[in-house]
Amino acid sequence: GAVVSQHPSWVICKSGTSVKIECRSLDFQATTMFWYRQFPKQSLMLMATSNEGSKATYEQGVEKDKFLINHASLTLSTLTVTSAHPEDSSFYICSARDALAGDYNEQFFGPGTRLTVL
Amino acid sequence: GQNIDQPTEMTATEGAIVQINCTYQTSGFNGLFWYQQHAGEAPTFLSYNVLDGLEEKGRFSSFLSRSKGYSYLLLKELQMKDSASYLCAAPQAGTALIFGKGTTLSVSS
Numbered sequence: 001g002a003v004v005s006q007h008p009s010w011v012i013c014k015s016g017t018s019v020k021i022e023c024r025s026l027d028f029q030a031t032t033m034f035w036y037r038q039f040p041k042q043s044l045m046l047m048a049t050s051n052e053g054s055k056a057t058y059e060q061g062v063e064k065d066k067f068l069i070n071h072a073s074l075t076l077s078t079l080t081v082t083s084a085h086p087e088d089s090s091f092y093i094c095s096a097r098d099a100l101a102g103d104y105n106e107q108f109f110g111p112g113t114r115l116t117v118l
Numbered sequence: 119g120q121n122i123d124q125p126t127e128m129t130a131t132e133g134a135i136v137q138i139n140c141t142y143q144t145s146g147f148n149g150l151f152w153y154q155q156h157a158g159e160a161p162t163f164l165s166y167n168v169l170d171g172l173e174e175k176g177r178f179s180s181f182l183s184r185s186k187g188y189s190y191l192l193l194k195e196l197q198m199k200d201s202a203s204y205l206c207a208a209p210q211a212g213t214a215l216i217f218g219k220g221t222t223l224s225v226s227s
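Respectively, the protein sequence lines represent chains C and F.
Note that the first sequence covers residues 1 to 118 in our numbering.
Note that the second sequence covers residues 119 to 227 in our numbering.
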């Protein structure tokens, strides 16, 4: 159980285009999902917290107009990188917390999406 | 604020034991996680400590001292496949995880 999928697993796009990444919890409901970004040889940096049915909460320094997050259902959150530039090239990872987990804080990670902007 | 520190790199040989330390400063405490991450892959869960003491799970054990803000991950009988990054993480207010920079472990034969 507790599987999170991401699609696509990798994407290459031209500078100035937009890219949408999907994160799905396959066998549990997630009222909260998290989006992380990881640059080479660095750790995961939290970008935003995605809340089902409400606006996402962005971390300091993350442009909400550039990284659009939609969490329309209990099993799906999407991250859209708008007007992507080469510096946005990174490994984007989502995670989800089981809505029924109570105080237990384990998060389940998706396999990640490698974005390369040319 | 929150701060999580761990060594950047460690090396060890097959069959050995290695201890990866993590010190943390958090506003409130909601447990401490250890994850393993191979290059190009997402992190995989190793352990979660919320009470002081050692928790053993096969070749991997994790220790926590809340009063000292200190944890370690102990890996026994090292194998080549254990070469990876090991991430110490703590939930911030709410449930998002804040990660340390990760410790890259290289296991040689």
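The hints are simulated quantities; they were obtained by calculation from the structure and are not laboratory data.
Incorrect hints may have been included.
Straight-line Cα separation of at most 27 Å, DSS-like style, residue types lysine-lysine; simulated pairs [as the list claims (entries may be wrong)]:
#1 F:LYS175 to C:LYS20
#2 C:LYS14 to C:LYS41
#3 F:LYS219 to C:LYS64
#4 F:LYS199 to F:LYS175
Every beta carbon over 10 Å from chain C, so not counted as near; a handful from chain F, in silico [stated by the list, open to error]:
#5 ASN121
#6 PHE151
#7 GLU159
#8 PHE181
#9 LEU205
#10 THR222
Note that beta-carbon positions come from the ideal geometry of N, C-alpha and C, so glycine has one too.
Here is how each hint holds up against the structure:
no. : hint                 : verdict
1   : F:LYS175 to C:LYS20  : violated, 38 Å
2   : C:LYS14 to C:LYS41   : holds, 24 Å
3   : F:LYS219 to C:LYS64  : holds, 24 Å
4   : F:LYS199 to F:LYS175 : holds, 17 Å
5   : ASN121               : holds, 13 Å
6   : PHE151               : violated, 7 Å
7   : GLU159               : violated, 7 Å
8   : PHE181               : holds, 19 Å
9   : LEU205               : violated, 6 Å
10  : THR222               : violated, 8 Å
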